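Colleague: Sequence:
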Amino acid sequence: MDQDQDAPEKEYLCQTEVTLSWLVQAIGDKFEKTFEEEPRWIVERLNRPQMDELANTTVMRVTFGWEDPVLPKNVIVKTIPSKDLRDDEDSKFALTKFKRC
49 MDQDQDAPEK EYLCQTEVTL SWLVQAIGDK FEKTFEEEPR WIVERLNRPQ MDELANTTVM
109 RVTFGWEDPV LPKNVIVKTI PSKDLRDDED SKFALTKFKR C
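Whatever position you read off the sequence shown (first residue = 1), add 48 for my numbering.
Calculated directly from the structure, the hints in this document are not laboratory data.
Errors might be hidden in some of the hints.
[Unchecked claim] No farther apart than 25 Å at their CA atoms in a straight line, the calculated lysine-lysine pairs in the DSS-like style are these: (1) LYS78 - LYS58; (2) LYS58 - LYS81; (3) LYS121 - LYS58; (4) LYS121 - LYS81; (5) LYS126 - LYS78; (6) LYS81 - LYS126; (7) LYS78 - LYS121; (8) LYS58 - LYS126.
[To be verified] Here are the computed distance ranges between Cβ atoms for each label pair: (9) LYS58 - ARG109: 18 to 24 Å; (10) GLY76 - ARG96: 17 to 23 Å; (11) GLU84 - GLN63: 25 to 31 Å; (12) SER69 - LEU94: 18 to 24 Å; (13) PRO117 - GLN73: 17 to 23 Å; (14) VAL107 - GLN73: 16 to 22 Å; (15) LYS126 - LYS81: 29 to 35 Å; (16) PRO117 - TYR60: 16 to 22 Å; (17) GLN63 - GLU86: 27 to 33 Å; (18) ASP77 - VAL107: 18 to 24 Å; (19) VAL118 - ARG96: 31 to 37 Å.
The model shown is predicted, which means the values in this text are computed figures rather than measured ones.
We put the beta carbon where it would ideally sit given N, CA and C, even for glycine.
Construct all of the structure, not just a fragment, from the sequences and the given hints.
Modeller: Below, the structure written as structure tokens:
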């Protein structure tokens, strides 16, 4: 039996390396919450991709529909270019600006 068939499919947001499950887990860790099921959500890309400037940076807003008033209704996510695209000097400079804190 193929293990890939048993693995749940990941929801990648706006064709980035960020998955919905990772984002929900990060929010759960921050607010010390656990989730029985995946929340209702909508994602929208806030920037337009342009090929002339660090083209693969993505800014998106994820809106959640959970009932808990403590949890954020919206989260802004900014990604950096994927590893294969960050080998030039401009991309390396951008990486120093957007490190995870």
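Colleague: Compare the structure with each hint and give your call.
Modeller: Do the hints match the structure? See the list:
1. LYS78 - LYS58: Holds: LYS78 and LYS58 sit about 21 Å apart, inside 25 Å.
2. LYS58 - LYS81: 21 Å, holds
3. LYS121 - LYS58: 22 Å, holds
4. LYS121 - LYS81: 15 Å, holds
5. LYS126 - LYS78: Holds, because 18 Å separates the two Cα atoms, which is no more than 25 Å.
6. LYS81 - LYS126: Satisfied, since the Cα-Cα distance of roughly 23 Å is no more than 25 Å.
7. LYS78 - LYS121: Answer holds: LYS78 to LYS121 is near 14 Å, not above 25 Å.
8. LYS58 - LYS126: It holds: about 19 Å lies between the C-alpha atoms, which stays within 25 Å.
9. LYS58 - ARG109: 18 to 24 Å: 20 Å, holds
10. GLY76 - ARG96: 17 to 23 Å: 31 Å, violated
11. GLU84 - GLN63: 25 to 31 Å: 28 Å, holds
12. SER69 - LEU94: 18 to 24 Å: 22 Å Cβ-Cβ, so the 18 to 24 Å window holds.
13. PRO117 - GLN73: 17 to 23 Å: 20 Å, holds
14. VAL107 - GLN73: 16 to 22 Å: Holds: the Cβ-Cβ distance is about 21 Å, inside 16 to 22 Å.
15. LYS126 - LYS81: 29 to 35 Å: 23 Å, violated
16. PRO117 - TYR60: 16 to 22 Å: 29 Å, violated
17. GLN63 - GLU86: 27 to 33 Å: 19 Å, violated
18. ASP77 - VAL107: 18 to 24 Å: Since the Cβ atoms of ASP77 and VAL107 sit about 22 Å apart, the hinted range of 18 to 24 Å holds.
19. VAL118 - ARG96: 31 to 37 Å: At 34 Å between Cβs, range holds.
Going down the numbered hints, you'll see the structure goes against 10, 15, 16, 17, while the others check out.
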